[in-house]
Every structure is written in structure tokens, then in C-alpha cells.
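Protein chains in written order, with the numbering used here: chain A, 31 to 196; chain B, 56 to 655; chain C, -9 to 397.
Wrong hints could be hidden among the right ones.
[As the list claims (entries may be wrong)] Counterexamples of contact, computed for chain C against chain A with all Cβ distances above 12 Å:
#1 T0
#2 E243
#3 Y379
[Claimed, not checked] Keeping only pairs whose Cα atoms sit at most 25 Å apart, straight-line, the calculated DSS-like set for lysine-lysine is:
#4 A:K175 - A:K84
#5 C:K259 - C:K132
#6 C:K323 - C:K259
#7 B:K310 - C:K306
#8 C:K65 - C:K32
#9 B:K104 - C:K(-8)
#10 A:K156 - B:K66
#11 B:K357 - C:K114
#12 C:K360 - A:K98
#13 B:K104 - A:K187
#14 C:K164 - C:K306
[Unchecked claim] Okay, the calculated beta carbon distance ranges per label pair:
#15 A:L90 - C:D327: 33 to 43 Å
#16 C:E195 - B:F290: 54 to 64 Å
#17 A:F67 - B:P238: 19 to 29 Å
Simulated from the structure, these hints should not be mistaken for laboratory data. Heads up, the beta-carbon is just placed ideally off N, CA and C, and yes, glycines get one too.
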Amino acid sequence: MQANLEARFGRRQFLLKAGWAFFYLFLGGWLLSNIRFLFPNVLYEPSLTFKAGKPEEYPLGVSEKWKKAQRAWIIRTSEGFYCLWARCTHLGCTPNWFEAEGRFKCPCHGSNFNPPGDVLAGPAPKPLWRCAIRLTEDGQLLIDKGRLENRPGLREKGEFFLPMKA
Amino acid sequence: MINFAKQNLKKTKIWKSIFRHDFTDTPRTRLQRVFGNVFLHLHPVRIPKDAIRIVYTWGLGGISFYLFLVLVVTGILLMFYYRPTTIHAYQDIKDLAYAVTLGRLLRNMHRWAAHLMVVTVILHMVRVFLTGAYKPPREYNWVVGVLMLVMTLFLSYTGYLLPWDQLALWAVTVGAQMAANTPVVGNEGPFRLPFITPGNDAKFFLVGGTIISDNALLRFYVLHCIAVPFIFSIFLCVHLWRVRKDTFSRQTGEKVDVWPHLVSREFLAALWVTVVLFVWSIALQAPLEELANINVTPNPSKAPWYFVGLQELLVYFDPWIAGVALPGLIIFGLMCIPYVDLNPKGVGSYPRMQWSRAGPIPLWTPVERPFAVNVFMFGIVLWFVLIFIGYYCRGPNWEWYWPWEEWSHRRISKLTLKNLPNLWGGLLLASYFLQGVPIPNTIKQRLASRGGPQAPAIASRLFHGGLGLVMAVALLVPLITAPDPDYPARSRYPTLFAALGHAKNAPVVMGLYNLIERLGPAWGLPVLSGLIGVGGLIVGGMGMKFARFKDRMYEELGLIKYAMVMGLFLLMMGVLGKIVLRLLFGVKYLISMPAFNFNI
Amino acid sequence: MKRVLFLIGTALLALAFGLSYWQDTNREWTQYQRRFLRTLTKNERRGMTGGITQLIVSDLHRVDRCTSCHVAIDKPQLALAEEPFTAHPGEYLVWHPPERFGCTVCHGGQGLATEVKAAHGDLKHWEEPLLRGPLVQASCRKCHGNLEEIASHVPTLIQGLVLFKAKGCYGCHKIGEFGQTIAPELTEIGSKPYALMKADFEFVEGTHDRINWMRQKLANPRKLNPGFRKEELPPGEEEVFPTAMPNVGLREEEIEALTVYMLSLTEEKLPAAYVIPSSTPQPKPVYASSVEAGRAVFEQYGCLGCHGQGGMGGRKNFNAQLGEEVPSLVYVKVYYDRESLKEFIRTGRQPVPRADPTRPTPPLYMPAWKDKISEEELDQVADYLFSLYEQVASTQPPAQAVREATP
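Please put together the full structure from these sequences, using the hints given.
Structure (C-alpha cells):
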């Protein structure tokens, strides 16, 4: 009995067990650090985000303010803001907004989209993409063209719609 | 005179220090040739005569290994002229084609050897399965092999990006998007952990950034040239060692010397593979499209052929299912095979086949191991059918084009697809999976003691028949009676039946609709009941037919193994079922909960 | 059996290797070079280095291997009469030394290639076709802002520029900062990726490249973009009209000139050291009268693109009232006074009322010129438009024009 206890908890066992514990600690830490190593901290990528001014600057409706510079429309409804990527889902041309008809029309092959982005006519296969939109700390709208969504049901919430009563 | 020189050469000390045996053909030297050579001594010295019959292994494992060597050699040579940056990569590939001696041939050989290796590795897996060479004691080696299959596909995937042309960029984009859809650790997958963002999810890890650019190219280059080949080589050592240690799977009859009999055949196989590769590489050019352009997406943009089956699955399932869950389950399922197949028979020979019939349809079925062989081959065939569809039958906007049809970018076809109401879809899924529940012997005994010797069989029939009816009800009742939630905003018809009945892409529903239109609305209920009855009986009948086999499997395997086998089997058939439901019935999702980003 | 397989295998292997080696050493460029060297004397041959010759123009990110076959392009004394051994015509290589410019920046094609078809860009997946004949003038605009000074070298290009303005294309199309947005912007039409032209390519005859697309579009726009007929559409889909771009009946040479101009509008931005800005500031032209100035305004802003020469109208506008045409302007004096005409031009009218309310809105419309024309120009164009009436003063204004006048 004494010999058994000795064998399991004696000084030799303690030295061994402590030694292995340190070893596994080192190994685990080293492995995790290597995995963390593979996540870059700095990126050499062009920015897909832009600040679009304060919400007060936008009346209800479609704003073409950023269409040329950023290829995006900012649309304000009575419920809030969303941002459409001005790229036709057919072959990638830039549609135009027609206020009087209330639709976006692509000049290349005639696709028509309504303000939420659904296809009304023409060969476009999918609705227009919405970009992620949120408010920054200094109260400006921040558009992220790297995050896109166009599925009905998902595009009206989360990061793709900024609620703000008019 | 040459003989004289040769004789003297062989007497020198230098020669004798390298070659410790002479080259006469005696049993002793034959032994020494294999035993005393580091490359050859992986082989045993003598081997069963059946092991050199080509129609047993077809040399597929060896050919795969040889192709790996070809890829390493051609790859190293190509590395001398290739720089993995977005500015230089495309130009370097062009230079190899136009300005480097033998460059075009080497690049072609590398490309075609890679595709050939994927094919031979899959065929090797099929061969090992059919000859039962995964059964104990070879289970571990099978698992190692499955992991090597995954690594082969990953090597091919990472290599695909390196030319940096449109094909590369967008094929990799499709794959990286699947990484983003991984559950838990992907930014767009379900059950996402709260701290996961596009800046630290699985796609970010794979691609080294948020877009596919220089970081991704360098990462894939390192993975492709060093990291994965290194790990693959370690697995290869274990795999070959295990082949040797577990002994060859066909041990009948006499033994023959490895040198010369096996080695000569290996040499011939390598020779002919090289011939085929050469001819192929001279005749067919490896493709190279325009320079990668992140602003222009080709339409359609397809993954390489071995992944285009998964891309086709994306039509029927959400990305996290088609791209992550299903492939994961396939790999898990493959690895499980040796541990759930408790039948010790069938090792060392192909299963005997016979002609049988399923009703009027003639079938060529295996006599031994029918469940194992049929299910596995069904899976393989399904995989290649999906590849065929994705490769030849999908055009711009991933629309259906028959292989002989010309692709048109002016075609507009709006598919009408409807979701089943969640409760009905849930009922359908539940009753489908419940078909797999076994009736254990204990319960059968209790039934027999209560109701007589026929009771268990009747209970089983009622069980399966009942579930079949429930499935038919769960599918047909909502299809015919449920209202269309898209009406009137996005649909012209108030019911699902009317909407799908007018849709060209739901032939079965359209046929039903036209039938009821012609017969008159009074016939609606009788037709519906008739269909439910027939459909239920067919589905339930299938369950009834295999009920005894199912219960027996449960008794043999025990609960856990049975659950795994039946679960994976039902999932595989469920994939097929969902494809049928979508293509023939116009059903999009059985359960749809957009709030949770969960759609099945 | 094994020995037979062994023999056949090794024989095939040797054969295959021999074939690939022969292919490698007998590339097209080696054949051309060998042929050329045979025409030289021993002394002449001494100065020539064999092998692939290339011009590395790092500033332009190009590597051009054209001189591997076009061996004598910069050596007129050794040149022959037959291609590809001719010398470069004119003094162009003096003004554009090959080490600084390369070849493809002007001529297009694929500089990295050493095979004839590939080098001439005549293969799939290469979107910079070789610019043959007068088409090469399209590249001059990449550097030369001073087209007036080199006018003798770029006659087709300048004709294209003139035609673009004269036919009123600015009325619908924008290039740079000038023009309207009724139709797609043309600022970088010369670099438009083929992927965006896939739908039009189905109607393009001949090679599917940018040059043919441009030519056939200018010759007959509706052939390449015929819209969608009812039969092509799923039930319940709105019809899509053919393109509203009018067929102005261009002649062959006019099509060629405009093609050259369009091809010159690329996205390639050359380093500042290469660019020559326009030197002489354009003097503001002086006109005899306000009417003449107004005519110049009418042409400059592209009004005649829709309203026709002399305001005669007649351009087809699908489903528009008043005969599905853009209205003529000759009777404008009868129905508008000066202020209301100017206001109409400022605000425009869109959408144009439909002839058939069930069909889509007409594609052409009167855009708003509010921030695009100065007040002075507005006055001048009003004078011009009123002057149009003089030519038809004797006739009765048509009854339809009354409807047109009602806002």
C-alpha cells in the first residue's frame, strides 16, 4: 500500500508529472501562438468603406450623391437607411435612377429594378446588392461595400438596414 | 572492350561501397536487391502471386504515388520560373508557355498529372472498398487514406489559384465563400460565435485577408508547394508502411520474388502513365484565361471539376450545408466505414455480381455485402452525376442547359419555387428520418407475447406504412391546399398549387394541376387521397421491404453504430430526395427560418 | 507480354519526348529568325543576337517580344519587303524609341507571346486586339493631348472626334465630364471587358472582339441590342425595348473613324513623363450672331443627337406619344415664349408620356440641363430655335404640336 502510494504520488512521480505538465503547457501555448501567427494584423487592401455624411443631410428617397465616386445609392425611407451597390446583376453595368418612374434602369440590356432592389424587367437574375451600413461614433453614416446582401428577408435587417425614424 | 571495363569497374572499392551485392540473378541477389535498397525495402522480399495480378489492384495506389512524384518534380522545376505575386504570377505563366524551353510541356504535365491524380486516388479508394481491404486490421490505414484524399483535393485547390487568371480567382472565391459559411467559425455561417467578424473568421484565416489578393496568393503558394506536400509525405509514409505491416489483402497460393516480378510491373505502370501524360500534355494545353480581375465576374464562374459537384449542391442547399456540412459528413462517413462494417467477409476479392430484378427493371447487384457495396457505389455514382450536371448542364446564371444547347446571356427564365410551410416540412422530415428507427428484438418479443407470432411483422408493416402515408400527406396536402404567402406582392396566384401548377419548372405539380383542371374541382379530393395512398404505399413499401434487414443491422451493430450508419444513409438519400423535390415539384425549402439564417 | 509492353512503352516515350523537343526547338519565332538570317551576309549576321528578343518597358508594365519575329523593324538597312521582316514605316520609331515605348502600347496584341496568332492577340481570353491599319491611331490619344499638332498623323482619329460631336452623340453619352447620362458612359469604352459584352456578342458576326463589336454597333445598333420580344419573355414579364440608340446611317469611313475614337477611350493611365498635354489653348470661337452661337450650342451639347439636324426630330422613341418619335423643334416659336422655353430646357421632361400605357416608358427623354448650360448659352440656343421657324413660317403648325405644348 505504502509502495503503491509512493509509486503514484511520490517525489519521483511529482517531478515527472510536473515536467510533463510544463511540457504540454509549452506545446499547447506554442501551437496556439502559431495559429494566431497565421492571422494577419495589418492588411494591404484598398478600403471598401466610406463615410457618407450625417443622416440629417438626407431627405426621404434615393440620393445619388455617392453614385459617381463610390458607385452606391443611399436610400432613406420613413423607417431608416439602406445602401444599394450601383451594379446591375446581369453583366455589371451601372444602372441609372429615374425619379419620375421610381425605378433604376440599366442602359445596357434594359433591366429595371424597384427602390428595394427587386428585378421588375429585363435579364437581371437577382436583386441589387445592399451594402452594410451603420452609424459611426461621430454620427456619420458608414457604408461597407465589402459586406453585401440581396436576399429578401435578410437584406432588410441586421447590418444592411439602419433603422431611423424620419 | 566495354565488358572488360564493366568487369573492372565492378571490382573497384567505390563500386563495392555503393552496391553491396552483385547483379547475378540468384535467389540471394534477388533478396538483397530489395532488402538492401532504401527505396525498395518498403516492399517485402516475397509477395503472394495474386498481389501482382493487375486486375486486382490495377496498380492504382502505386500510380497515385507515381503521379505525386511527377507533380513534385515538375512542380519544383516550375518553381524556378514562377513568382507568387499578383503583379508577376500571370506573366510568369505566360513566359513558361512562350519563352522557356520545355516550359509549356512542363506546365501542361503538372496540370494534367494533378487532374489524373485526383481521378486515380478516387478510383483507388473505390477499389479498396470493393475488395474489402479496409476491414480489420486495415481500418486505420483506410482513415489515413481518406485524409490523403482530402489533402489531394486541397493541393489541387491551392494550386488552382497560382496562375492568377480569371478562372483561378473566381474558382477560389467560390471555395473561400464556403469557408465563410462554416458554422460557428464562419462569418456568414449559422450559429456564429459572437466575436467572429470578417476580420477573424475561417475565410480570413484561409485567405489571409478579406479579399483574395496578394496575401491569398502567397498563402496558397506556401500551402501548395511546401506545407501540404510535407504533411502529405508523412501520411504517405504511414500509409505505405501500414500496407506492408497489415500484409497484402489477398493471401492465397504461392509466393513470388518481388524482384523482378513486382518491381518490373511497377516500372511498366510508371512508364505507361508517363507515356499517357506526355501525349496528353503535348496534345492538350492547360487553360489560361484573362488576368484576374476582381471587378468582372465571369458568368458562369465554375469551380474545378472535382468541386463542381459541391457547387451544384449549392442550388439545393444553403452554402453552409452544401459547402461545409455535407462535405464534412461525407468525409466523416468515409472514415467511419471500417468501424461500422462488422462483416468480416469479402476481403481479398471483388464482390460477385448477378443479374436480378426490381419489378420490371433489371439490376446488376452484388451477391455478397449487398448493403455495403450498393450504398457506397450509389454514393460514388451520385457524386459523379452531380459533377456531370455541374460541368455540362449549367450555363450562365447557373441555369439549366442541356449539354448540346448553346449558352445565351439573353435568356431570362424566372423559376417559380415555393417553400413548404414549416410545420408540414418539419413533419415530412421527421417522418422520413423516423423510417430509420429499428424495432429491437426486445420489443418484438413483447409484441409476440401479446399478439401472437405474426404481431411483430404486422407492427413493422404498420409502422413503415404509416410513416409513408404521413410523408405523402406532409408533402401533398400543403402543395395542393396551402396558400401562397407571396400573393399578391410577388405572385399572381393565391395558392401554392396554382402558382406551381403554372410553373414550367415543376413538371409533376404542373401535370397534377392540369389533370385536376381537366377533371373538374369535384375530383380534387379523390385524386388527392388517391395520390397520398399510392405515394404513401410506395414509400412505406420500401421501408417495409427492408424492415427486417434494418432490424437485423440494429441487432448486430448496436445503437451508436446503427445510428451512424442509418443517419448517414438517410442523409445521402435525403440529398437525392431534396434534388428531386426541387427539380420536379418546385419545392425550395422544407423548413425556412430566415431569422436564424436556417433553411433546409 | 511484359517485354512487348516495355518495348512499345519506351518507344512511345522516346517518340513523345522527341516530338515535344522538336516542337520546342522549332517554335514559330525560330523559323522566322532562321529565314531572316539566311538573307544576311556574314558581316551583317555578326551583329545579330539570336533567340527571343524582348523590350522590357517597366514604366508601362509591358514586355514586348515582337522583335523576335519582326527582326528588322528598327534596322531599315537590313529590312526586306515581305512581312515580318519589314522596317517600321515613317519616322515613328525616332519619335517613339522602342526601348522607351515597346510595341504593344501603340499596336495592341500580346507582347509576351512568341507565336504569331497569340502575339497578334488573335486568341480567346486576350482582350487587347491588334490594331491594324488606321485603327492604330486610337493609341495616340493615350499620351497625346495635343492632337492638333499631330493632326497629319491621326486623321481618322480626329475625324472620329469631329463626328462624335457632329452627330450629337454627347446628347446621350458622357465622356469624361461632358455629356448626358441617358445612355451608358463611354469614358472607358475602349477597355470594356468582354464579359460585359456577352449578350451583344450573340449578334456580332466574325471574331468576338471589341473592334467588331464597336463597328457593328455603330453600323446598326439595334442588331446587337434588339431588346426582348414577347416570345423570349416568361409570362408576366415586362417587354424590354430595343436600344434607343438611333441608326444615323453612317458610311463605312465614318464608322471606321468613330471606331478609332471609341477605341482610344481606354482606362490605361500612362505615367506623367509620357503624357503631352494640349499645348495651345482653344480660342473661344466668335460667332456672327446669336443664332449662329445658338446653333453651335445646339451641336456642342448633342441636342441634335435626339432632335436631329436643324431640329427636324425623327429619332425613334419607342412608345412615346406623337408618333413614337422625338419631337421636331421647328414650331417651337409658336408654342413657347422665351422664358417658358428656357425653363423647359432647364427642367427637362421625364418620363415622356406613353402612347400605350400598358407598355413600358419610352427610353429617350428630355434631360434637365439646369447645371450644364450657362444662361448665356440658353439665350443663344433659344434664339437659334426660334430662328428655325423662319424656314417653315409659311406652313400651318401641325395640330399634334399643340398637344406637345401642353405640359
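Hint check: K259 of chain C vs K132 of chain C, CA-CA at most 25 Å. Holds or violated? holds (8 Å)
Range first: 33 to 43 Å. Now tell me if the beta carbons of L90 of chain A and D327 of chain C are that far apart. holds (35 Å)
Is it true that the CA of K156 of chain A sits at most 25 Å from the CA of K66 of chain B? Violated - the C-alpha atoms of K66 of chain B and K156 of chain A are around 80 Å apart, more than 25 Å.
Given pair status - K306 of chain C, K164 of chain C, alpha carbons within 25 Å: holds (20 Å)
Within a Cα-Cα threshold of 25 Å, do K175 of chain A and K84 of chain A meet the stated pairing? Holds, at roughly 18 Å.
K360 of chain C and K98 of chain A were given as a pair; does the straight-line alpha-carbon distance stay at or below 25 Å? holds (19 Å)
CA of K357 of chain B to CA of K114 of chain C, is that 25 Å or under? holds (18 Å)
Holds or violated: K310 of chain B and K306 of chain C, Cα atoms, limit 25 Å. Since the Cα atoms of K310 of chain B and K306 of chain C sit roughly 90 Å apart, the hinted pair is violated (cutoff 25 Å).
Take the C-alpha atoms of K65 of chain C and K32 of chain C, compute the straight-line distance between them, and say whether it is at most 25 Å. This hinted pair holds, its Cα atoms lying about 16 Å apart.
With 54 to 64 Å as the target window, see if E195 of chain C and F290 of chain B comply at their CB atoms. At 56 Å between Cβs, range holds.
Would you mind confirming whether the straight-line C-alpha gap from K104 of chain B to K(-8) of chain C stays at or under 25 Å? holds (16 Å)
Looking at E243 of chain C again, its CB stays over 12 Å from all of chain A? holds (28 Å)
Of the hints listed earlier, those the structure fails to meet are numbers 6, 7, 10, 13, in rising order.
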